[in-house]
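Under our numbering, think of the first position of the sequence shown as 298, with each following residue one higher.
Source of the hints: derived by calculation from the structure; they are not laboratory data.
Careful: at least some of the hints might be erroneous.
Pairwise CB distance ranges, derived in the manner of DEER restraints [stated by the list, open to error]:
| no. | residue 1 | residue 2 | range |
| --- | --- | --- | --- |
| 1 | Q445 | P303 | 10 to 20 Å |
| 2 | N470 | Q445 | 34 to 44 Å |
| 3 | H342 | N466 | 38 to 48 Å |
| 4 | E358 | R301 | 31 to 41 Å |
Yeah, the Cβ is synthetic: ideal placement off N, Cα and C, and Gly gets one too.
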Amino acid sequence: MDSRRPPEYTIDLTADRSHVRDIVKGLLHTIFFHRYFTPIYPSTHELLDLTLPFVSQPDIEALIESRTTTLLRHLDTSSSSSSSRNQPTFLTLTLQFLERKRRRTWFLQKPDEETPWETWNLNITVLPNNSRSSGLSNPPSNDYSYNQTRQIMSHELEKATWQVLEIANQQRNHIPPITTNESNPFPYDLKIKVAGSGGKGVVLLAGGGGSGGAGVGGGGLGERGGQEGWGGKMGIF
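Work the whole structure out from these sequences, hints included.
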């Protein structure tokens with residue numbers, strides 16, 4: 298039995314309130330694109346002058362949409378407090394790809410056990426909105442701040458997509474063998490944890506994900522799904 302700890306990858310990103318939803322969605326879709334076995338029709342979307350992959354799979358889209366909605370709801374609630382309005386918020390999204398193992402005794406078949414074979418931690422620093430992103434008139438200093446923040450977000454997102462591509466292409470030996478005829482052999486789980494200003498306290502906002510099987514999201518690898526090389530074709534890397 299292989300007792301090695303499954304790999305865990307960490308990506309750090311910065312986003313302002315007006316871009317955090319798209320940045321989180323863009324990076325999650327990028328990871329799923331490279332860790333999803335089921336053949337898909339590749340599509341793209343534009344974000345911060347980058348072209349990113351988009352997984353057009355209903356369950357994955359619904360999960361990501363649900364998590365980002367929960368995330369924004371928390372940000373809106375926390376920003377209503379005058380003490381935290383101008384303070385950054387720290388988020389961690391944890392995406393795990395799971396292997397389902399059947400447990401049997403002599404007489405009974407126990408519920409399947411799901412264990413992670415890969416974990417992605419996305420650490421997001423959410424900056425408060427400036428006047429421009431809030432739709433208000435702003436002096437040149439705010440324009441400079443906005444442009445500087447946009448450059449930081451674009452640079453970090455591009456760096457993160459390269460990191461995902463490098464990991465997906467070079468680190469493959471830990472991916473479990475497919476032992477089922479289901480279209481999506483690996484379930485996945487996506488959690489959101491939020492820390493307050495200064496990183497004090499951690500709250501789990503949401504958890505859960507796809508269970509695998511036909512029509513349900515799972516893990517995958519670009520090459521095995523016949524998708525290797527799409528990154529260059531779509532201009533994302």
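Hints and how they fare:
1. Q445 <-> P303: 10 to 20 Å: violated (38 Å)
2. N470 <-> Q445: 34 to 44 Å: holds (41 Å)
3. H342 <-> N466: 38 to 48 Å: violated (22 Å)
4. E358 <-> R301: 31 to 41 Å: holds (33 Å)
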